[in-house]
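Protein sequences appear in the order of chains A and B. In case it helps, our numbering puts the first sequence at residues 1 to 426. In case it helps, our numbering puts the second sequence at residues 1 to 184.
Each hint should be verified, as a subset may be incorrect.
To be verified - Computed spacing ranges between beta-carbons, pair by pair:
1) B:Arg103 <-> A:Asn276: 32 to 40 Å
2) B:Ala128 <-> A:Ala93: 37 to 45 Å
3) A:Leu326 <-> B:Gln97: 36 to 44 Å
4) B:Arg141 <-> A:Arg231: 31 to 39 Å
5) B:Leu178 <-> A:Gly212: 58 to 66 Å
Claimed, not checked - Derived list of chain A stretches under chain B, where covered just means 3 residues or more per stretch with a C-beta under 8 Å from a C-beta of chain B:
6) 34-43
7) 56-67
8) 82-90
As the list claims (entries may be wrong) - Below, a sample of chain B positions facing chain A; criterion: calculated Cβ distance under 10 Å:
9) Val32
10) Pro37
11) Arg39
12) Leu41
13) Glu42
14) Pro55
15) Trp57
16) Ile76
17) Asp84
18) Arg86
19) Val87
20) Gly88
21) Trp89
22) Asn91
23) Thr96
24) Gln99
Source of the hints: derived by calculation from the structure; they are not laboratory data. None of these values were measured; they are calculated from a predicted model. Here a beta-carbon is modelled for each residue, glycine too, at the ideal position from N, C-alpha and C.
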Amino acid sequence: MNLPRTWQLAALVVAGVALLSRVFNAFAYLPLRGYDGAGHAVSIFALYEGRLPTPGSWDGFQPPLYYAVSAGVWRILPDAIPVHSALRLLSLAAGFGAVAITWRVLRDFVSKEDAAIVAALVLGVPAFALATSMVGNETTCALFTTAVLARLTRIPTQAEGSALLRHAGGTAILASLAAISKTTGFGAVGLGAATYFLHLRRRPLSALASAGLVALLPVAVAAPFFAETVREAGGSPLGLVTGAASSRAVQEAMAAQPPGERELRDYVFLPLATLNRPVFRGEGMVQSVPGLLYASVWSDAHAHFLIPVTEGILRAESVLAIAGLLPTLLCVFGAGLLLRRFDPRTLPLLAFAGLLLLAFFRVTWLVPSYSAVKASYLMPALLPAALCLATALDRLRGGWQIAARAALLAIALAGTALTTWGWWAR
Amino acid sequence: MRALAGIALLLALGCVDAPRGPVATVERYFEVLARDPMRTLELVTPDFHLSHALPAWRPEDRPGQRAPDPGNRPPIDPQVAVEDGRVGWLNAQIPTQVQTPLREMVFELSEERVGQQDALVVVTVQPAIGARFLQRFFLTRNEGVWLIDRIEQEGPAGSWNEMARYAAYPNEALARRLLDRAKK
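Please model the complete structure; the sequences and the hints are all you need to start from.
Right, dumping it as structure tokens:
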């Protein structure tokens, strides 16, 4: 038996099951239920009518690319297909696209089997499964950000000036698309420019030209929108990342949510509920940022999908949250390995993940509401996280590696089963 | 390339709807309500979202949330008020409590009065549980397209009927009554 092919085939089957589950969810899950489903829909409707989303409306602070593409899909959609279902398929396509790029990049760093297994696992992680089952711009942003990060691992440092500029130009276009998909995508712009500059620092002209292109094109594309958004939010840069700065409705909804104030202990306190009641109603969960973040990776922490929350659902979520410890610990271990290697191809990816995490913690401090603590905001760091996990998996040997691979595929299947709409009602 | 252009043209032609009359607009309303909520946005005027008065969010939607302090709220931009109304309108169509009664309702056209720019369409609604009620649609013509501007209902009160009436026309007044009833 060809064992490497068997692992890849098994991963393909797991990926296929995830795809089927998501297509089912697109049509079966309650219309527009999900993170800000109605808010996104209203912005899409604005573009459908040929106008920009109204500043100060629920999702009016979000960049317009996703809404424009969605409005285009709506325009050509037959009446028989519900609009929200088609838009969920768009989320699915973007999310699976991001994972396909991730899988391709992983093959440059680890074995084909481990690349396939980690990609299959990502498809079954509840945070990813829910984002690809909902209407929203998270997966579009993840797609373009992942594409930018993938290019940063392959900067042709020895290439001639024109080839180098072409490469930087492609990256600049993708970074522009990331930036106008969702504000978190803008992180890829600064990091992309810095990476080109550092990689080419021995050729100052090429370094400046490439970094300048990667920085300036996205700024030129996104600046008019972002300037208006900041102005609408009364000059607050917070207006770029949350509607709470510009929309009174969002502000009131967020202000009404616990905990209401953040303390430093919220960032180190990890309640037991993280594993045995991994939803916001679990004891101490609305206070604990790492607890709720972990729960929103491995379960439906904000109760938007697995509803109504029953003891049976909580038990299922708890099982997956406990199982999620294995990939999480492997991911941390892999991050340590990558940092020690100090590989210039992977350092930008780690830096991006670190910066995104810091920005996330900062926003949770400024907006002390439990709904600000969602793993889906970190989806642009999908590639770095997958690379860390794959590196750790690749490092294991013999029986440990076989056991870990099998466990990861089983966790992926369990995640997909948990996030297939309606299983609890049958 | 030419084949692609041909397909694009066919798709574009396919998505251009023939203008709907007032009754067809009302029929479409019942077809897509709570099944394809985004398409309801195409059938109504901006003012419709001020008349149903559904808020973009309500504290009762989530346990543990506090209602905002009603005092000292600055006036809201009219366009933002419409957009917030659209959010409330879409959110109201999500729960299964709205979808299930709708699937079991029977609708019958009772009356149609069409003028140059305004129309009235009255529909008799028979829910699966509860007494029948009337739903009046007031439509206006905007650039040749008939749009629902306002809805009124008439019929007996009672818990089952109010749920059915809410499903046929989600609005804030009925939502409040149903919430108050649930609290008791």
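Status of the hints after comparison with the structure:
Under the hint 32 to 40 Å, the C-beta atoms of B:Arg103 and A:Asn276, about 38 Å apart, fit the expected range. For the pair B:Ala128 and A:Ala93, the supplied restraint of 37 to 45 Å holds, since their beta-carbon distance comes to about 38 Å. Evaluation of the 36 to 44 Å hint for A:Leu326 and B:Gln97 yields a pass: the beta carbon distance comes to about 40 Å. A beta carbon spacing of about 37 Å between B:Arg141 and A:Arg231 agrees with the range 31 to 39 Å that was offered as a hint.
The hinted window of 58 to 66 Å between B:Leu178 and A:Gly212 holds, with their beta carbons roughly 59 Å apart. Against chain B, the segment 34-43 of chain A contributes 5 residues with a C-beta closer than 8 Å to a partner C-beta. That satisfies the three-residue criterion, and the hint holds. Here the segment 56-67 of chain A counts 4 residues with a CB under 8 Å from a CB of chain B, which clears the bar of 3, and the coverage holds. Check on the segment 82-90 of chain A: 3 of its residues sit with their Cβ under 8 Å from a Cβ of chain B, so the three-residue criterion for coverage holds.
The beta carbon of B:Val32 is positioned within 10 Å of a beta carbon in chain A (closest approach about 8 Å), and the interface hint is therefore held. Residue-level restraint check for B:Pro37 holds (minimum Cβ-Cβ distance to chain A is 5 Å; threshold 10 Å). Satisfaction of the interface hint for B:Arg39 is found here, the shortest Cβ-Cβ separation to chain A being roughly 6 Å, below the 10 Å cut-off. With a cut of 10 Å, the hint placing B:Leu41 at the interface with chain A holds, because the nearest CB-to-CB distance is about 5 Å.
Hint status for B:Glu42 relative to chain A: holds, with the closest Cβ pair at about 8 Å, below 10 Å. Residue-level restraint check for B:Pro55 holds (minimum Cβ-Cβ distance to chain A is 7 Å; threshold 10 Å). Checking B:Trp57 against chain A by beta carbon gives a least distance of about 4 Å; that is within 10 Å, so the hint holds. Restraint check, B:Ile76 versus chain A: the minimum CB separation of about 6 Å is within 10 Å; hint holds.
Proximity of B:Asp84 to chain A holds as hinted, the smallest CB-CB distance being about 5 Å (cut-off 10 Å). This hint holds: B:Arg86 has a C-beta 5 Å from the nearest C-beta of chain A, less than the 10 Å allowed. Against a cut-off of 10 Å between C-beta atoms, the interface hint on B:Val87 holds, since the closest Cβ of chain A lies about 5 Å away. The closest approach between the C-beta of B:Gly88 and any C-beta of chain A is roughly 8 Å, which is under the 10 Å cut-off, so the hint is satisfied.
The criterion of a C-beta within 10 Å of any C-beta in chain A is met by B:Trp89, whose closest approach is roughly 8 Å, and the hint holds. Nearest Cβ of chain A to the Cβ of B:Asn91: about 5 Å, under the 10 Å cut. The hint holds. A distance limit of 10 Å between C-beta atoms decides the matter here; for B:Thr96 the minimum to chain A is near 7 Å, and the interface restraint holds. The criterion of a C-beta within 10 Å of any C-beta in chain A is met by B:Gln99, whose closest approach is roughly 8 Å, and the hint holds.
Violated hints for the displayed structure: none, as all numbered hints are satisfied.
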